[in-house]
Amino acid sequence: MATFLQYMISGLSMGSLYVLVALGIVLIYRSTRILNFAHGDMATMGTFFMFTMLLYKFPFTIAFILSLLFGGLLAVGFYFAVIVPAQRRDATMLGQLTLTVGLSMIIQGVIVLFWGTNSKVLDFPLSDTTVWQVGPVYINALSLGTLAIGIIGSFGLYLLVQKTRLGLAMRATSENLPAAQTLGIPTKMILAISWGLAALLGVLAGLFLAPALLLDPFFMLEPFLKGFSAAILGGLNSLPGAIIGGLIIGVVESLTGGYISLEFKNSVAFVIIILVLLIKPEGLLGKVFKERV
Amino acid sequence: MNLVESYKDDLKLIDKPWTRVWVIALVLALFILPWFGSDHIVYVLTLIFIYAIGIHGQNILIGYTGQISLGQAGFMAIGAFTFAHLANAGVPIWLSFLGAGVVAGLAGVLVGFPSLRLKGPYLAIVTLGFGIVVYQFLTSFDVLSGGRMGMTVPKLPAILGMSKAFSMYYFTLIMCLAFTILTYNLISSYIGRIFVAIRDNEIAAEVMGVNLTRYKLLSFAISSFYSGIHGALYGMLLGFLDPSMFSFQETLIIFVAVVIGGLASCEGALFGAAFVILVPQMFSELKGMVPIVFGGTIVIIMIFEPLGLAGRWSKIRLYWQNWPFR
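Protein sequences, first through last, are from chains A and B. For the record, in the first sequence the residue sitting at position 188 is 188 according to this note's numbering, with numbers rising by one throughout. For the record, in the second sequence the residue sitting at position 156 is 156 according to this note's numbering, with numbers rising by one throughout.
These aren't lab readings, by the way, just hints derived from the structure by calculation. Glycine is no exception: its CB is placed at the ideal position from the N, C-alpha and C atoms.
Cβ pair distances, simulated, as ranges:
1. A:I152 / B:F240: 48 to 56 Å
2. B:G90 / A:F218: 34 to 42 Å
3. B:S314 / A:D128: 56 to 64 Å
4. B:P154 / A:R89: 45 to 53 Å
All chains should be built: construct the whole structure from the sequences, respecting the hints.
See the structure below:
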């Protein structure tokens, strides 16, 4: 029982990072109908920015906030510089997806160019060697912090989307773009904010992931793919779905790694998705497709 | 402009006499090129021919049938390793190729089943999962992948007294031509029309009497057959296989090639193949900058030409058709 709880806790803390990544992907898909393949790379860029700031002895909190903002601005810049002109020329959905693939290559190239491919260690105040014993299970400071940031991130996003005027505008824009425009909502601005917010969540996940793994240019690829599958599992249109999907994938992965085999830990997420999607093709909480002839 | 008067006219691959001249000239030029070009050019062209086959296949699936798939690397890996095992066991080369294609095609049918219920991004993630599962299997079971040291693949023996590089060049050129002609014919046949109908509107296609299950699975099978051959040829060119050659990056490269080349266009697939091979090659002296330049060109082309290189090509052709009148 104790080992089970132990696996549950590590699964939940990993899952809450997948939740942050998945929330970003869903946010972008909901508002602009783009699958953002550069999401992981934007997060990596933000994390490397943090690494450099800490290298130059910036205080931790300032560096933390600035790198979140940096990631957000990167996404906003990409939206205005690339997505908007492409949409003006009637880019197809696959074309926009390809644009994000191009961006991800550029960012990877920039990171390799500036920081090299060697693994680095990010100085982080929370460490996974500080361990507390709670009842039968051990919990370390890092995974506690990760869990907390997952909850804070998701709850903050919930408040923003459901309780503020900005959130109302975001929901209106994703529901019906022309109608939102007619009502006087600055939709371009709102969509750019969605992109920025998504990248900010991604960087947040990256910052908490970097101390657990080592920092190298491709360290976000795996979590990005998991976050992606979490978003799909929950339904690409649904923010609560992303949270549920992320937690499920984190827990199942940890349990598989613990009880069955560490090797197939990475594949199991995809096997679950295939099984769930065969029963519910629109994801757990997604809206059913409506199609007209 | 070109009025189609009969069904036979519609089936023609080349409708204007001068087009035939240009195409024949191009093919002849490709046939005599190795005797004038450097070894490097021969190698690069060989790579382009190999990639063109796989990209044709993905174009059939993504461009014509409208099913987004991100599992190409998985099919390539299946094809390549099947080919390697068969060829190493002493099976004749042509039979090994057939085996590689057929095994990949069967895997394609298996992956095609979810496509009966899933759409767009959901299908993309399932196929992506397939690619990752294949990769995982290959790295975990040494029997399949030859373990840590990778696996050697017999290279094409020198034929007709030419050097090995030249024989490989001609072999891939002929394969590429064969698959290109096959694709053109497939697309103008009733199967191609059904694929387009499925892409444009599934329900309408079904109402018109299209058996969705059969043709979606057929599309997956054909495209993964192509990918299997692509993988097998790639392995043959390098003479060495390793599961990490078929990572997610490879899938993205092929996907980019399909979209950059131009969806639902056979010339587009050739352009796309040339693009993804040539651009990194042309800027290879920039070393660390290569991914940046490659990504940058992708972004620029997709912003200014949403229909891809094939869209630009058809605009150029249209302009010169009526030249000097506009």
